[in-house]
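> Sequence:
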Amino acid sequence: MQKKFSVVAVGGTFDHLHKGHKALLSKTFEVGDQVVIGVTSDEFARKLGKTLDHDFEMRANSLRRYLDSAFPGERYEIYPLSDYFGPAIFKGKVEAIVVSRETLGRVTIANEERKKLGFNSLQTVVVDWVLAEDGQPISSTRIRRGEIDEQGNVVRR
Numbered sequence: 037m038q039k040k041f042s043v044v045a046v047g048g049t050f051d052h053l054h055k056g057h058k059a060l061l062s063k064t065f066e067v068g069d070q071v072v073i074g075v076t077s078d079e080f081a082r083k084l085g086k087t088l089d090h091d092f093e094m095r096a097n098s099l100r101r102y103l104d105s106a107f108p109g110e111r112y113e114i115y116p117l118s119d120y121f122g123p124a125i126f127k128g129k130v131e132a133i134v135v136s137r138e139t140l141g142r143v144t145i146a147n148e149e150r151k152k153l154g155f156n157s158l159q160t161v162v163v164d165w166v167l168a169e170d171g172q173p174i175s176s177t178r179i180r181r182g183e184i185d186e187q188g189n190v191v192r193r
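Following our numbering, the numbering of the sequence shown begins with 37 at its first residue and continues without gaps.
Listed next, the in silico DSBU-like pairs over lysine-lysine satisfying Cα-Cα at most 35 Å (straight line): (1) K55 <-> K127; (2) K151 <-> K55; (3) K39 <-> K151; (4) K151 <-> K83; (5) K127 <-> K63; (6) K63 <-> K152; (7) K127 <-> K83; (8) K58 <-> K151; (9) K86 <-> K152; (10) K40 <-> K63; (11) K63 <-> K39; (12) K63 <-> K129; (13) K129 <-> K83; (14) K40 <-> K86; (15) K40 <-> K152; (16) K86 <-> K151; (17) K152 <-> K127; (18) K86 <-> K129; (19) K127 <-> K58; (20) K83 <-> K63; (21) K58 <-> K83.
Everything labelled a hint here was simulated from the structure, so no lab data went into it.
Computed from a predicted model, the values in this text were never measured in an experiment.
Hey, can you work out the whole structure from these sequences and the hints?
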């Protein structure tokens, strides 16, 4: 099957690999022949004020295991992100970026930087939030708080 883009980027912290992450990654592999995945570094997460349950290595390894199982034979690379975009997005080979609604605004900034470097603007593919059974978005923060599980089920106390 011919995919829409040769190289597509996506990024995230992926602290708890949940149903929302899986939807984002699924769309990325659906539209991209090769996928560049940025995973927030521990240092950048701290700078953003994020509390993590897992360090970079654990998050990247968990992501690799999932990708190898869910998308066997697909081509991908994982890079640490020390800022919102990482170095891969500023290379000409990346044609598109897959984002959630909450990170959509950052694409304008990335495209301004790409333009300065003489690269085409990134095409943007937006994936809607995946909602938990309570109608609120699934997030690692909510999972960490014990409100929901990775599938979006409300945790009964």
